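Asker: Please model the complete structure; the sequences and the hints are all you need to start from.
Those protein sequences? They're chains A and B, same order as listed.
Take 92 as the starting number for the first sequence in our numbering and just add one per residue.
Take -6 as the starting number for the second sequence in our numbering and just add one per residue.
For lysine to aspartate or glutamate, the following DMTMM-like pairs were computed, each having C-alpha atoms within a straight-line distance of at most 20 Å: (1) A/Lys120 <-> B/Asp22; (2) B/Lys112 <-> A/Glu139; (3) A/Lys150 <-> B/Asp50; (4) A/Lys151 <-> B/Glu52; (5) A/Lys120 <-> B/Glu125; (6) B/Lys115 <-> A/Glu139; (7) B/Lys115 <-> A/Glu161.
Keep in mind the hints are simulated off the structure, nothing from the lab.
A quick note: this is a predicted structure, and the numbers were derived from the prediction, not measured.
Spelled out, the chains give:
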Amino acid sequence: MSEELKALDVAVEVDARGTACPGPLLEAKRAIATCPTGGVMCILSSDEGTIIDVQRWSKKMKHEYVGDYEDDGFWRVYMKKMV
Amino acid sequence: MTEEQTNLEEMIKQLTARVETLEENAPGDKLCLGVMSGDLDNTIATFIIALGAAAYDMEVDLFFTFWGIAALRDPKKKVKKDFLGTMFGKMLPSSSKKLPLSKMQMMGMGPPMIRSVMKMHKAKSLEELMAEAAEFGVRIHICTMSMDVMGIKKEELIDYPHMDFVGVGAFVGMFQEAKQCWFM
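Answerer: Printed below as a string of structure tokens:
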């Protein structure tokens, strides 16, 4: 899974590793506006809770959750902007 | 027009009216939180939940009442008050930075400890959360009756872009329109 994710063309990368809940979700919310429709956004978070947060948030905001993997002490969370 | 058609038309009219009423009363994508305790922990939780909801594009209304209002005082702003107001002013926390904890207050050692532990875990401070709430359009409504009782003046409150002064009527209106209302 992580190989597929690494191969993705990421339109926007959000580094939210410096902040705890609700920081990463808010960073994602801010950054999604700068992401083109159909583009992939990758959120870097040191908080594991971000994974399920972004899964639910993407669903509600009509975007598509792509996947996640653990990197060196943090998580990379991928979603695709659909609308 | 046959009798059947007339009946159908009548039915459609009635249904349209009912749908309109339902739509008017349907709760919007709104969250309403009542903030009363004036404790640091509860106030932090309030702003974290408010910001989470804002990330979901929900409209968020915070209703600050009683002890809750002390979190919105600005210690740099001094105002003239009567005797009781001055007494209350001295006894209430002078700003969000002086709020006590609901548990583990430990004679004043608790709050700075929690703040430093939260900082260690990269959690945002209450003041940072409040600034973000302003950015995300979270609205703050302050109970005027509580302000009167405690002698708190508008002029001693923080500068917050979406703030107004209301009574319980406004709060009831808010939570009638909201999907959820919690008292923190």
